[in-house]
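J.: Sequence:
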Amino acid sequence: MEKYISNVPNFPKKGVVFKDFSPLLEEKLPECLAAMGKDIPWDQIDCVVGIESRGFILGSALAAKHDKGFILVRKKGKLPPPVSSESYSLEYGEDTLEMKPNTKEKRVLIVDDVLATGGTLKATISLCEKNNYHIKAISMLINLKFLNNLASEIDNIHSVLDYE
366 MEKYISNVPN FPKKGVVFKD FSPLLEEKLP ECLAAMGKDI PWDQIDCVVG
416 IESRGFILGS ALAAKHDKGF ILVRKKGKLP PPVSSESYSL EYGEDTLEMK
466 PNTKEKRVLI VDDVLATGGT LKATISLCEK NNYHIKAISM LINLKFLNNL
516 ASEIDNIHSV LDYE
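Positions 366 to 529 (our numbering) are the ones given, in order, by the sequence shown.
Quick caveat, the hints were computed from the structure, so don't treat them as lab data.
One or more hints might be untrue.
Okay, derived cross-link-like pairs now, BS3-like style, lysine-lysine, Cα gap no bigger than 27 Å in a straight line [as the list claims (entries may be wrong)]: (1) 368 x 433; (2) 471 x 384; (3) 433 x 501; (4) 443 x 433; (5) 495 x 384; (6) 378 x 510.
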């Protein structure tokens, strides 16, 4: 699958090498979904949580494939009220994620495209925990391990492509 990932230097800003997986979606989406869902305990999952925006593509497809519900985690201001929110630090400031409040306990799989520094993932985990979602697994297409050490902090992270 790695041959379908292209490196785009200096995007979205100078010094960043963007991993473009658009060709992978176009050519190998079924294989990509199979790999992302391979080691997931599906019998312990009620819903899939997708992180905006490319986590929506992968997460909703996995949810449909495995007959599970789908929950959106969006950037601030994209969901109608009421919302539950979690702010987190970025290298250039702060951002906020939101989801619809939940009172019923559910077991979830968190899905996103790329795990980089881990700020978005940590905020999503906190948001899920505040809303009675029990995280059973996390599935990422790409893990940029050279930018994070989350495997030692967070259990049950699965990734298809790891970059050391």
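J.: Against which earlier hints does the structure fall short, listed by number upward?
T.: 1, 2, 5
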